[in-house]
Amino acid sequence: MSAKPGKIFIDNLWFNNPVLIQVLGICSTLAVTNNVRNTLVMTVGVSLATAFSSWTLSLMKDLIPRKVRMIVQVLVISFYVILIDILLRAYLPDASRQLGPYVGLIITNCIIMGRAEAFAAANKPLISFWDGLTSGIGYMAVLVAIALVRELLGFGSVLGFRVMPEGFVPWTIMITAPSAFFLVAMVMWLARNLQARREAAAKAAKAAKAAPKPAAGPSPAKA
Amino acid sequence: MDFEFFTMNPIALFFASIFTSNILMSNFLGMCSFISVSKDYKSSFGLGLAVTVVMTITAAVSWVVLYYILVPLGLEYLSFIVFIIVIAAVVQILEMVIDRASPALYLSLGIFLPLITVNCAILGAILFMQIRRYGFIESTVFAAGSGLGWWLAIMLLAAIRGRIENNPVPAGLKGAGITMITIGFMAMGFIGFSGMIAVQ
Chain R
1 MSAKPGKIFI
11 DNLWFNNPVL
21 IQVLGICSTL
31 AVTNNVRNTL
41 VMTVGVSLAT
51 AFSSWTLSLM
61 KDLIPRKVRM
71 IVQVLVISFY
81 VILIDILLRA
91 YLPDASRQLG
101 PYVGLIITNC
111 IIMGRAEAFA
121 AANKPLISFW
131 DGLTSGIGYM
141 AVLVAIALVR
151 ELLGFGSVLG
161 FRVMPEGFVP
171 WTIMITAPSA
181 FFLVAMVMWL
191 ARNLQARREA
201 AAKAAKAAKA
211 APKPAAGPSP
221 AKA
Chain C
1001 MDFEFFTMNP
1011 IALFFASIFT
1021 SNILMSNFLG
1031 MCSFISVSKD
1041 YKSSFGLGLA
1051 VTVVMTITAA
1061 VSWVVLYYIL
1071 VPLGLEYLSF
1081 IVFIIVIAAV
1091 VQILEMVIDR
1101 ASPALYLSLG
1111 IFLPLITVNC
1121 AILGAILFMQ
1131 IRRYGFIEST
1141 VFAAGSGLGW
1151 WLAIMLLAAI
1161 RGRIENNPVP
1171 AGLKGAGITM
1181 ITIGFMAMGF
1191 IGFSGMIAVQ
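Sequences listed follow chains R and C, in order.
Number 6 in my numbering belongs to position 6 of the first sequence; there are no gaps in the numbering.
Convert by adding 1000 to the 1-based position in the second sequence; the result is the number in my numbering.
Heads up, a few of these hints could be off.
No farther apart than 20 Å at their CA atoms in a straight line, the calculated lysine to aspartate or glutamate pairs in the DMTMM-like style are these [to be verified]: (1) C/Lys-1042 to C/Glu-1165; (2) C/Lys-1039 to C/Glu-1165; (3) R/Lys-67 to R/Asp-11; (4) C/Lys-1174 to R/Glu-199; (5) R/Lys-61 to R/Asp-11; (6) R/Lys-67 to C/Asp-1040; (7) R/Lys-203 to R/Asp-11; (8) R/Lys-67 to C/Glu-1095; (9) C/Lys-1174 to C/Asp-1040.
Selected chain R positions facing chain C (in silico; Cβ < 8 Å) [stated by the list, open to error]: (10) Leu-40; (11) Thr-108; (12) Thr-172; (13) Phe-182.
FYI, nobody ran anything at the bench for these hints, they're computed from the structure.
Heads up, the beta-carbon is just placed ideally off N, CA and C, and yes, glycines get one too.
Next up, chain R with everything else stripped away, as it sits in the complex (with noise of 0.2 Å):
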């Protein structure tokens, strides 16, 4: 479980990405990919409570008795997304209200609790922390690619910015919520699809005897 902190890096952000893989913590944030910049201060948000309360978890996790773990842990993270809460009321009160009900909601994240259990429960506070930072990254982007896709064509702009030209009709599907779930399909299709490639190509070349590097480009041997 010592794992080193650019191996966690690489692996919440592709190899093991919260959304792409695991399957993790889409509720709160999905609704809002509707705009780059609310998906932003919703993804930064998570990574925040995501990365402290798994610090606070790790550094608490001998006192806590096995019982009542599970509460023990939603407390702690409901602890800073109120936390979260206020900073964004008082520095982004329009995003705040735009964000309503979701903010709250980051509490349920599973990605949190996944965290939690998975890695602090386990290991030293501060590599949970950024354990729990990186997994925070890597949710991050999958949701701003998406907010960014569904924001242009469904507006026409990019953080508010009109980028499409005069006479661009906007699709009006990528403002409602089916195009959330099309487009979270495509991105987990194409990640794994690369992933499975790569995957085959590092087998292909172990079993040539050539260099066993995984990172290696798309297939350069012969399979």
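Dock chain C against chain R, hints included.
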């Protein structure tokens, strides 16, 4: 105090929360357990039932706690923590009551109850109730409708997934990917209901 006990037609709200603004299809709440449990028809039924029951009870209890304890004391900023505690407590009590009253029901429902504490849909319904400033009757009706809507959606998805289980899906889309696409089509179907009734 700016809350009333009764402010909007509860019947319209009930149907709106099931169909036009289905908590899962239009607000994406409760996705995690939705995707993982919908593999199996029977578990979907149990989880849907549990969500509906817990959601209705917790919304009613949370409303009372919010407007009779937190608001008068000026502790509204603690609402997230209090809601979570209410949910956990209701789940715990319900588990004990069902265990005592009907062991058969406990067998089918019991395993889902702990899962529900972290189900986004429950907390989501409560937060919507708080932000939209629903009255007591409305909150309960809204929560019951949202629960039923969630139940309906998971049953539909479980049925569809049962049918497409053996279909030749591209390798990269197997499992979560194709499920997401299915949910997307279902969401489009649910959008067809919009315009029938409007909730804010």
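Each hint tested on the structure:
| no. | hint | verdict |
| --- | --- | --- |
| 1 | C/Lys-1042 to C/Glu-1165 | holds, 16 Å |
| 2 | C/Lys-1039 to C/Glu-1165 | holds, 9 Å |
| 3 | R/Lys-67 to R/Asp-11 | violated, 31 Å |
| 4 | C/Lys-1174 to R/Glu-199 | holds, 17 Å |
| 5 | R/Lys-61 to R/Asp-11 | violated, 24 Å |
| 6 | R/Lys-67 to C/Asp-1040 | violated, 29 Å |
| 7 | R/Lys-203 to R/Asp-11 | holds, 19 Å |
| 8 | R/Lys-67 to C/Glu-1095 | holds, 16 Å |
| 9 | C/Lys-1174 to C/Asp-1040 | holds, 16 Å |
| 10 | Leu-40 | violated, 18 Å |
| 11 | Thr-108 | holds, 4 Å |
| 12 | Thr-172 | violated, 10 Å |
| 13 | Phe-182 | holds, 5 Å |
In terms of the numbered hints stated before, the structure departs from hints 3, 5, 6, 10 and 12, listed from lowest to highest.
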